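Engineer: Spelled out, the chains give:
Protein chains: 2
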Amino acid sequence: MNKIITISRECGTGGHIIGEKLAKKLGVDFYDREIIEQTAKKSGFTNDFVEEQGDRITNSILFNIANSLTYANQVFAGNGVSLADKVFFVQCDVIKELAAKGPCVFVGRCADYVLKDREDCINVFVHGKKEDKIKHYMETNQCSAKEAESAIKKRDKSRANFYRYYTDSEWGVVGNYDITLDSASIGIDKCVDILYNICVGK
Amino acid sequence: MNKIITISRECGTGGHIIGEKLAKKLGVDFYDREIIEQTAKKSGFTNDFVEEQGDRITNSILFNIANSLTYANQVFAGNGVSLADKVFFVQCDVIKELAAKGPCVFVGRCADYVLKDREDCINVFVHGKKEDKIKHYMETNQCSAKEAESAIKKRDKSRANFYRYYTDSEWGVVGNYDITLDSASIGIDKCVDILYNICVGK
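Chains A and E are the protein sequences, given in the same order. When we follow our numbering, the leftmost residue of the first sequence carries the number 1, and every step to the right adds one. When we follow our numbering, the leftmost residue of the second sequence carries the number 1, and every step to the right adds one.
For identical chains, the list gives no copy identity; a pair is met inside one copy or between any two copies.
As a list, the in silico EDC-like pairs of lysine to aspartate or glutamate whose alpha-carbon atoms are at most 20 Å apart:
(1) Lys129 / Asp168
(2) Lys190 / Asp120
(3) Lys116 / Asp132
(4) Lys129 / Asp117
(5) Lys154 / Glu51
(6) Lys130 / Asp168
Hints listed in this document are in silico derivations from the structure and should not be mistaken for laboratory results. Being a predicted model, the structure only gives us computed values, none of them experimental.
Based on the sequences and whatever the hints tell you, model everything.
Structural biologist: Written out as structure tokens, the structure reads:
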């Protein structure tokens, strides 16, 4: 087995757990928070600042009117590069360096796009029906259905915007992935098994 | 195992073969051409006529301007129902009757939509990258790359239009399926194994 698995996921689908369980079953490294931590370390920013830069771009009202206008909302690092862009570029380097170390599982952070030139990637998208996602989010975060629905909507919109902004492609469109899975319909453990078998069988 | 599997597929992905192999492995019935034959028998039209009605709708130039205008291109059966619609309605009945007989695999014909009220369906979409689909089509149909590309484009557009017209939903959008597979990337036999394991494991 010599594979990099990237998992993109809608909020409330358990995509993070699938990635964690898959990495454990395969006996390989799992990267999610570590990408942020290493990006912070490498760029000299704090973890919070690195995370905020994504939110700054994707939650701005102007972003939803026209992507190019978001520059008006950003802080610039000089040479026309915004701090958010700078953070993203450092993050790309971190992802490439981690992937170069060997087989592993990435969750989020446009890793599928960042590693698109590697031929040993399996790109996965985990999705779900609205009601299933709300149920999962409520259970995981101990909140009301209304709070869950609002949080999911905001998070998924943010991820879609972030992906579109940096990749010029659409998040969650089948052509970008080798496999997509409805985790509630298939089941979390079955999803892990399917991905495990794809990895070890090729 | 008590499952109905519906497979929708882009042209040149081997989705038909996956369905055939899966049905054989599961020991259940496989329906593709039989839907047309039974629809013809039930409606009193010929097999060719049944097939043509789909093409008549989806390949009309007007269809691509505005779906509602396609009525101008259609032959009406009376009571404002076009012959194409009549054929589709009969086809829906045929699919439901076949599904009621027991576990089986359907390929195409909007079976995922027709059977949307059943809870024992696993809806699959098989897709692929343009170059892989052209290669597969050339091998299967002994034609040039140019002919393959043209045929694939026409067929996929036709399927997407047909699906949109009758289901008011989009063909190939992740939310409509339990699982989507890039057959060239995953491999035809591996796709069959994955679907088999989902069916027998649940």
